[in-house]
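One letter stands for each residue in the lines below.
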Amino acid sequence: MLRKKLFRELRQNAAQFVTIFLMVLISAFAFSGVHAYMDGMEDSADRYYRDYNLEDLWLVGENFTEDDLEAARAADNVQDAERVLAFQCNWARPEGNVTIETNFIETNRISRFYVFEGEDFDPDRDGLWLDYYLARNLGVKVGDEITLTNSGCSFACRVNGLIGTPDHVYAVKDSSVIFTDHHDFGFAYLSAKSFPEELAADMVIKSEEMQSLLGMTDMIGTGWALAKLTGMSAGDYLRSLEALQNAAESGEDAEEEMIDLDKIDLDAALDLAGPVKDGSADAEQKMAFLRALMPDLSRSDLIVFPQMIIDAEDTEALTETKKALETAVPSALAVTDRTVSPSWAAYQSEVEEGRTYSVIFSGMFLFIAILSVVTTMNRFVKKQRTVIGTLKALGFRQGKIICHYAGFGFITGLAGVVLGTVIGGFVLGGVFLDRQMQMFLVPEPRISFRPVVFAAGIAILAVITLVTYLSCRRILREPASQVLRAEQPRVKAPARAPGRLSARLPFSAKWNLRDIRRNKGRTLMAIAGIAGSCTLIVGALGMRDSLYNYLDWEFGGILHFAWQINLEEGYTEEEYAALTDACGDAASQTLAVEFEDGSGEKQTNIAVVNDAPGMLRLCRHDLSWFEPEDDGIYLTEKLAARSGVKPGDTVRWRVLGEDTWYESPVAGLNRDPQNQQLSMSRAYMESLGISWRPDTLYTDEDLSGVEALPGAGTIMSVQDLAGQMNSMLEIMNSLIGILIAVSAILGFVIIYNMGILSMSEKNYQFATLKVLGFTYGKLRSIFLQQNLWLTVISVILGLPLGYLMTDYIFKEAIGDNYDFFAMIEPRTYLIGVAGTVIIAVFSSLYLARKLKKIDMVSSLKANE
Amino acid sequence: MENIVSLKNVVKEYGIGEKTFRALDGVSLDISKGKFVCVLGPSGAGKSTLLNLIGGMDNPTSGSVVIGGSDITRYNEDQLSHFRAENIGFIFQFYNILPSLTVLENVELVRDIVKDPVDPVRALEAVGLAEHANKFPAQLSGGEQQRVSIARAIAKNPALLLCDEPTGALDSGTGVRILKLLKEQCAAEKGNTVIIVTHNSLIADIADVVIRLKNGRIAGVEENAHPMDIDQVAW
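Those protein sequences? They're chains A and B, same order as listed. With the working numbering, letter number 160 in the first sequence gets 160, and the count goes up by one each step, no holes. With the working numbering, letter number 223 in the second sequence gets 223, and the count goes up by one each step, no holes.
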């Protein structure tokens, strides 16, 4: 029978239980949705990494030979190894240039293709496999032909397939870019066997060794230096020449280096050496020159592999494997793991970031929702007081009564939890996952439901049930005779008589003050709930402010120029001179470096050599600007903290690929929101003997409409750079919308519940006041006064809490690669105050209408 | 005759704010089985408190309350619930029937707590409400609601029917009908004991025993050798 009563009363009190249901649904929706997409991101990527064999280690060198490859494969704990050559090419399209990171590989056993359309990788097949997202966005199909250009050498390729690879989940052009929209940058793979001959020739000729060789044509003429050509690869050949040159310089005996001169067409080589050296040789001449020197030259001899990727057997033993590889492949300049892979690290950082949001926001939702459920259930149980008394008087056991009442919360909560979890996971999780996957290329992304989501659902139910149990138990503890009467306000005589100040207060103030004092629990709950709403509003808008502040700081502050020209790798002196004449000579050079941190561990990073005063600015801790001095290197604050380095320390570092180590004092620290790296002035770098070859120019000249300049790769305005943040801003704006809507609903429900609770407790007092002749307006002002006081207190607490929440998210939780902080505009605080007050006033006015309906006779009679 | 209720030196104190109010002050009395007992007294005399103690709805501050040979002051909450379920039928001034259950369901409710209750339909027939079985309380008059309350009480077949101002909220005609119903419960074939707490001194005329309370003490216990018939009393 009690079951009938339960379901009937659920229907009769539909408004209350629908409120509870919605609160629980919203919190479960938010919790499950955010988790579904964060966990889904992680699980989808893990599946992808596992099934398509993401490499565990990367080797960087100058050129890994077949012997190096075999040595790596034979090293301890190495399952497989594969060589890679990657460089950027330009794909000129009528709509604009597209940069393609072009990879040449041999087997594709590691970081295997996920083929969306087209064919699987075939090492014997010409043509390329293209980034699926880029192809989709640009309308490229399998079978289309695209032409790539590098260093003036163009090669056309048929598109064999549209793919993703696990090491290109996140791919951006360079470190100045955070987000890619897959329109102007992508990646492509080709078989090493189809490496364009012309490009190979060009690369060999541009190599340091050949340039050195071309610088000593006399030696070619004498012939002795070329004697060792037969059967050697281009790289070894050139290196041997260098060795011979060194030997000659040092006066050592070079007899054993003698090689067979018969195979070399010295006349042809010498004829072509001139045009090759001065750059006037065309592709055919370049090849002829190389073939004259190396008659057995094949295309595979020409290709160099500066990277090797490793699949480890036991991923737990990567440190040992790194050491084994360093020993097995001495030509490896660096062995790195996934943590320094931009693709893996960026994705992981996104997951971590989302996890922070999920903990904070869904935690807040849960907290506020539970508060509103607590208040609603408490109110319901209190309303049922005499019914509970009757059941008790009839002889129902306490346990049975408690179970019956706990059932109200449990059933409502269960419906909310189940629906919220399912809808949140599939709808919110699905939408957010789709949005994330516009940035990251993970095939078959799926949302995940991890046990924590179910645990949270069970916890919500447990809390609701516990609240109902506690409310019931408090009533049941009273004797049955007492429970049958309406609850009497617990009146405690004040410890001392009211002071003079209190005596002077108007009646409404006195009455409200005493009501607050008598109902501390209810008051604290109301303050917590309203402050929570205010915190969410300020936090949500504060995140937006902080993000815009970051944009201003980075794009306009640190990057204090109008246009950026990324120079082509092989630009000539003449091209550079022409560019600087037109655009000024503010420039920078990026060095890939390895340095020893405070504990002696080697780290790879980037050093920006800054020769762009006033345009590429360094930022102090207090956000003021400075130029690098010529007395050492600078580290960003986060990098310094992470590396255990401080100003005045000496840092040992080298340019990756070179043997020379430098010891530089740390001249200072700077802040950078998105790049944690090293910096130095051009003069300081040159003082160390490193030659200056800038890769980027900065200018305030108006380059709008300029699509190409000789020697320039890409030309981007600072607005273009900032525009890459749009997708992040879109996600942020939708998140803010949801947060504000939820804050408003939760705030309204809490204030409404508290108001109802307080009104039902004071019903007879209001009835008495009404009997005495208090008008509706007067009663309403008494009632509103208390809610306004609580709102003011809550706002005072909520504003700093909103700041702290935003600051936590931006400063602590976003990850080591970013240096963000909360910067909340005064306008946001005003909106937070106004929003909270509007919610409070609106819900209070809505409630106050009930004062009109107080029936004086029954209210007073019920209290007898 | 066997005593069904026996109170010895019962004191009940309530704390009101920081003061203590003594509602019952050393009350001792015995009530025999099958009697129709009327407890009279002015407001604040301790009538309802006495009824609550007898019904196991409250515990005395001191003294003993023996019902059917068992001292219920030694009972814990569960034992008291069991005791109320098996032995006591309560009838309140404001009926206290569950608004969300129909008339029949309100009576059927006792099936959840009593092993062998009276058939709820028969209980409703006994109070003349069989035709209203499927109505909700809000569709009934005050007297009808009180009859539902009586049906619910007698469905438990309790040894003791405790009535707190059962006619207080009713007009005199309806009140008479209710009193008749209650009186019938004491008939020899049923053998129940009915204790009515009331302000209405006229009820004393129809009672077998009249207990007068004043300031928490027994002011007098009168055996009514010839109780009047309800119809003879000028209400």
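Rather than coming from a laboratory, the hints here were simulated on the basis of the structure. Please note that a few of the clues may not be correct.
What the hints assert, rightly or not - Below, in silico cross-link-like pairs of lysine-lysine (BS3-like), each with a Cα-Cα straight-line distance of 27 Å or less:
{"no.": "1", "chain 1": "A", "residue 1": "K520", "chain 2": "A", "residue 2": "K400"}
{"no.": "2", "chain 1": "B", "residue 1": "K33", "chain 2": "B", "residue 2": "K19"}
{"no.": "3", "chain 1": "A", "residue 1": "K510", "chain 2": "B", "residue 2": "K19"}
{"no.": "4", "chain 1": "A", "residue 1": "K520", "chain 2": "B", "residue 2": "K19"}
{"no.": "5", "chain 1": "B", "residue 1": "K33", "chain 2": "A", "residue 2": "K400"}
{"no.": "6", "chain 1": "B", "residue 1": "K135", "chain 2": "A", "residue 2": "K4"}
{"no.": "7", "chain 1": "A", "residue 1": "K762", "chain 2": "B", "residue 2": "K190"}
{"no.": "8", "chain 1": "B", "residue 1": "K214", "chain 2": "A", "residue 2": "K383"}
{"no.": "9", "chain 1": "B", "residue 1": "K8", "chain 2": "B", "residue 2": "K19"}
{"no.": "10", "chain 1": "B", "residue 1": "K33", "chain 2": "B", "residue 2": "K190"}
{"no.": "11", "chain 1": "B", "residue 1": "K19", "chain 2": "A", "residue 2": "K4"}
{"no.": "12", "chain 1": "A", "residue 1": "K400", "chain 2": "B", "residue 2": "K115"}
{"no.": "13", "chain 1": "A", "residue 1": "K762", "chain 2": "A", "residue 2": "K510"}
Status of the hints after comparison with the structure:
{"no.": "1", "hint": "A:K520 with A:K400", "verdict": "violated, 30 Å"}
{"no.": "2", "hint": "B:K33 with B:K19", "verdict": "violated, 38 Å"}
{"no.": "3", "hint": "A:K510 with B:K19", "verdict": "holds, 24 Å"}
{"no.": "4", "hint": "A:K520 with B:K19", "verdict": "holds, 23 Å"}
{"no.": "5", "hint": "B:K33 with A:K400", "verdict": "violated, 31 Å"}
{"no.": "6", "hint": "B:K135 with A:K4", "verdict": "holds, 15 Å"}
{"no.": "7", "hint": "A:K762 with B:K190", "verdict": "violated, 46 Å"}
{"no.": "8", "hint": "B:K214 with A:K383", "verdict": "violated, 34 Å"}
{"no.": "9", "hint": "B:K8 with B:K19", "verdict": "holds, 25 Å"}
{"no.": "10", "hint": "B:K33 with B:K190", "verdict": "holds, 11 Å"}
{"no.": "11", "hint": "B:K19 with A:K4", "verdict": "violated, 44 Å"}
{"no.": "12", "hint": "A:K400 with B:K115", "verdict": "holds, 16 Å"}
{"no.": "13", "hint": "A:K762 with A:K510", "verdict": "holds, 15 Å"}
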